[in-house]
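Asker: Below, each chain spelled out in residue letters.
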Amino acid sequence: MKFTRRDALAMGIGATAVAMLPMRATAAADEAIAAFTGGADIGTGALTLTAPEIAENGNTVPVAVDAPGAVAVAVYASGNPTPGVVTFKFGPAAGSQTASTRIRLAGTQDVIAVAQMADGSFIKTSATVKVTIGGCGG
Amino acid sequence: MASGVKPRVKVPKTAAAGDSVTIKTLISHKMESGQRKDKEGNLIPRSIINRFTCDFNGANVIDVALEAAISTNPYFEFDAKVDASGDFQFTWYDDDGDVYEASKSISVS
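So the protein sequences, as listed, match chains B and P. Read in this note's numbering, the first sequence has 16 at position 16, and its numbers run on one by one without any break. Read in this note's numbering, the second sequence has 1090 at position 90, and its numbers run on one by one without any break.
So that you can see chain P by itself, here it is in the shape it has in the complex:
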């Protein structure tokens, strides 16, 4: 599932120093669970994103281990503490070895 994967991230553009900001991420991915069967009754092999990380200026915000029970188009919402302006780096790791990345910057006053 290397095609059609599109990460989407929502980060506020500005924040006050020391504030906690809410980050929302969504990535389009089938998240084939390995439980479903095709028309011939063969099991469709598992193909999911198994890890998602978010870093802010090199410091880890959240590290998520995903299992097959995560819905199609995995969505995450979490909070990050921002002390200075910088970049959020988002990384998704696919079962097939692909890595999807996105980044967003925030200006802190």
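Same shape as in the complex, but just chain B:
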């Protein structure tokens, strides 16, 4: 087969489209995040989301959040049937604004953490987790 410049371009566009596919699922997550922030602007800051790069089993994926100065941290899974995962609210007796838990992920996707700071502003970070076996029992 002759490999023309036009073919190469078409393949490039096709590959880009395939790469963009997982992004479709984020609309529901965006809505959930907007509900948490009340539509406020989200910046970036001292928020750490620790998640494995590759999770073999989507049924238990360990994640940890660390957000010094936050009053609440919400975690979202953009590719799950329901994007909400967990919301931590830190009380006056909290030693630090850290928490970790284990979550279910349906497949390879971005996990997003949004923190509400003491001054009412919001910061966000995300981590991509590759999931070998999905955890939604489909």
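Each hint should be verified, as a subset may be incorrect.
16 Å max Cα-Cα, derived EDC-like pairs, lysine to aspartate or glutamate [stated by the list, open to error]: (1) B:K130 x B:E53; (2) P:K1030 x P:D1096; (3) P:K1104 x P:D1079; (4) B:K89 x P:E1077; (5) B:K89 x P:D1055; (6) P:K1024 x P:D1079; (7) B:K89 x P:D1063; (8) P:K1081 x P:D1019; (9) P:K1104 x P:D1055; (10) P:K1030 x P:D1098; (11) P:K1013 x P:D1083; (12) B:K89 x P:D1079.
Covered, in the sense of this in silico footprint (three residues per stretch, anywhere, with C-beta under 8 Å from a C-beta of chain B), are these stretches of chain P [as the list claims (entries may be wrong)]: (13) 1061-1071; (14) 1075-1081.
No lab work stands behind these hints: they were computed from the structure. The structure displayed is predicted, hence computed values, not measured ones. Ideal Cβ placement from N, Cα and C applies to all residues, glycine included.
Fit chain P to the known structure of chain B by using the hints.
Answerer: Below, chain P alone, put in the same frame as chain B:
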């Protein structure tokens, strides 16, 4: 899922005043997500723990809202600041209205 639910909590027995202690909690619970289907193809209804709180001497340490995406046997690890001896009170709220409780005391020197 009122049977077989057993909360487990790990709190250090002693600490220095003003210290931050790490607390680990685990509760055995199916956390049925509402996404799974049984053999006949019927959806298994959701049955999860939807809220977990931890208080120390009446002051809130952490208040967690759980969704269906939390794994079976929900596990949490977090830090609490202890200024005086007292009791940690842990409470889990089930979808079916059940409340599971556990408490641990810590002596602060």
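Asker: Compare the structure with each hint and give your call.
Answerer: Hint check results:
1. For a cut-off of 16 Å, the pair hint linking B:K130 to B:E53 stands: about 6 Å separates their Cα positions.
2. For the given pair, P:K1030 sits about 13 Å from P:D1096 by alpha-carbon distance, which is consistent with the 16 Å threshold.
3. Under the criterion of a C-alpha separation no larger than 16 Å, the hint pairing P:K1104 with P:D1079 is consistent with the structure, at around 15 Å.
4. Restraint check for B:K89 and P:E1077: satisfied, since their Cα atoms lie roughly 13 Å apart, inside the 16 Å limit.
5. Distance check on the hinted pair: B:K89 and P:D1055 sit about 12 Å apart at the alpha-carbon level, within 16 Å; holds.
6. Proposed proximity of P:K1024 and P:D1079 is supported: the alpha carbons are some 9 Å apart, at most 16 Å.
7. Under the criterion of a C-alpha separation no larger than 16 Å, the hint pairing B:K89 with P:D1063 is consistent with the structure, at around 5 Å.
8. Proximity of P:K1081 to P:D1019 is assessed by CA-CA distance (about 6 Å); at most 16 Å being required, the pair is judged to hold.
9. Taking the CA atoms of P:K1104 and P:D1055, the gap is near 11 Å; set against the 16 Å cutoff, the hint holds.
10. A threshold of 16 Å between alpha carbons decides the hint, and for P:K1030 with P:D1098 the separation of about 14 Å falls inside it, so the pair holds.
11. As the CA atoms of P:K1013 and P:D1083 are separated by approximately 14 Å, the hinted pair is consistent with the 16 Å bound.
12. At most 16 Å may separate the alpha-carbon atoms for a hinted pair to count; B:K89 and P:D1079 meet this at roughly 13 Å.
13. Evaluation of the coverage hint for the segment 1061-1071 of chain P: fulfilled, as 11 residues show C-beta separations to chain B shorter than 8 Å, against a requirement of three.
14. Under a criterion of three residues with beta carbons nearer than 8 Å to beta carbons of chain B, the stated coverage of the segment 1075-1081 of chain P is upheld, 7 such residues being counted.
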